[in-house]
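Kindly generate the complete structure, drawing on both the sequences and the hints.
At position 89 of the sequence shown (counting the first as 1) the number is 89 in the numbering used here, and the numbers step up by one without a gap.
Hint data in this document are derived by calculation from the structure and do not stem from the laboratory. Predicted model only: the values in this text are computed from it and were never measured. A few of these clues could be false.
[What the hints assert, rightly or not] Computed spacing ranges between beta-carbons, pair by pair:
1) T102 - S18: 51 to 57 Å
2) F80 - A106: 24 to 30 Å
3) E42 - A15: 25 to 31 Å
No residue lacks a Cβ here, since even glycine has one placed at the ideal position from N, Cα and C.
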Amino acid sequence: MASEQRLKQVGEYQARASRLAAADLPPLGKADIAVLPYTDDESLELARMAVLTLAETMYASRKAALDIASRREMELTVEFGDPELETPSSLDLKAETEHARTALAAVRALLSEGTDVSVGAIQ
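Encoded structure:
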C-alpha cells in the first residue's frame, strides 16, 4: 500500500490524479491503495529472497522426508512408476538431502547480503 505522501514523493500522484480525472473517477482518498512499481533494488531483493526461499524449502522438504523414513525404519530409496509397465525411476533420500544441503549452502554464499559475486562465480 502506498500512502498519498509516498505517491507525491515518487512523482506518481499528479499522474494518477490526471488519469482518474480523465476517466471521470473520484480523486484518490486517504484509504485508497495505489500500486507502485518496485525499484530496481526492491526487484533484486525480491528475486534474491525467492531463490533463497526455494533453496531452503528444497532442503527442508527432503530433510523432513529423510527424517520420517529413518524414524520409521522405512526404505530410504523412493521408486516412481509401475514396475509391471516400466522400469521405475528411483530417488535416494540420503543423497538428495545432501545434494539439497550443498545447494542451499552455495545459494546462501552466493546470495548473502553484502557479498559482491562475479558473473563467472554464478555460472
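Hint check results:
1. Hint check: T102 to S18, Cβ distance near 54 Å, so the stated range 51 to 57 Å holds.
2. As the Cβ distance of F80 to A106 is approximately 27 Å, the hint placing it in 24 to 30 Å holds.
3. The hint said 25 to 31 Å for the Cβ distance between E42 and A15, and at roughly 20 Å that hint is violated.
Violated hints amount to a single one, hint 3; each of the other numbered hints is respected by the structure.
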